[in-house]
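*Asks:* Sequences listed follow chains A and B, in order. If you read the first sequence in the working numbering, its first letter stands for residue 1449, the second for the next number, and so on. If you read the second sequence in the working numbering, its first letter stands for residue 246, the second for the next number, and so on.
Take these hints with a grain of salt, some might be off.
Derived Cβ-Cβ restraints for the label pairs, each shown as a range [as the list claims (entries may be wrong)]:
#, chain 1, residue 1, chain 2, residue 2, range
1, A, PRO1488, B, CYS258, 33 to 41 Å
2, A, ASN1543, B, LYS286, 36 to 44 Å
3, B, HIS330, A, ASP1515, 25 to 33 Å
4, A, PRO1456, B, GLN305, 49 to 57 Å
5, B, ILE257, A, SER1518, 40 to 48 Å
6, B, GLU267, A, PRO1488, 36 to 44 Å
7, B, LYS286, A, LYS1544, 46 to 54 Å
8, A, ASP1487, B, LYS265, 37 to 45 Å
9, A, THR1453, B, ARG356, 40 to 48 Å
10, B, GLY306, A, TYR1524, 34 to 42 Å
11, B, GLN305, A, SER1494, 47 to 55 Å
12, B, LYS286, A, GLY1531, 39 to 47 Å
13, A, ALA1457, B, ARG356, 21 to 29 Å
What the hints contain is simulated information worked out from the structure, not anything from laboratory work. C-beta atoms are modelled at their ideal positions from N, C-alpha and C, and glycine is treated no differently.
Residues per chain, in single letters:
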Amino acid sequence: KQEVTQIPAALSVPEGENLVLNCSFTDSAIYNLQWFRQDPGKGLTSLLLIQSSQREQTSGRLNASLDKSSGRSTLYIAASQPGDSATYLCAAQGNKLTFGGGTRVLVKP
Amino acid sequence: GAVVSQHPSWVICKSGTSVKIECRSLDFQATTMFWYRQFPKQSLMLMATSNEGSKATYEQGVEKDKFLINHASLTLSTLTVTSAHPEDSSFYICSGGGDRAYEQYFGPGTRLTVT
């Protein structure tokens, strides 16, 4: 059974600092690894999807890496802004999509 | 493209009543639809997977007689919470499986509050 863990559970940084969010998964037999953003009371916004054959994906200030062999993915957000405050979820796609518990991010102005 | 809508976005119902949540794929055909539940400050948990025209597959611990799922067309799936109780209060999110393997497109969610 796939288990996905995100550390830390919460993170607070001053504006401008780079964010590093960690995600680990127990079963490396995945098709892809996805990162989502969720604002309070809202649905999911897809940020990045890394196929199992890829090592990283980039979109603007966001960069996500994937190391299947070690069961880890990292989401980097450069030059954080208050608008980046949200919960970030990673999810591993195997036979089903398994979500981590999320990291709640607060970027202070 | 790949937009999924849910209706209603929020609903309050009394204990013992039933409530239906609709999930629609607006610009693609979703052969498979997924239903998730999210309790406050927790992550999403898959409840069930439904394929158009067939019975849904429920995850372990999810009562199929309580959470009725119908996937009658390639663009519509419904989740009916029967005889709702306060512990069923949660955020319910659906997703539709698109053309590319193992990609899901998520709806905006429905907040259910049972009083």
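*Asks:* Tell me, which hint numbers fail for this structure?
*Replies:* Violated: hints 1, 2, 3, 4, 6, 7, 8, 9, 11 and 12.
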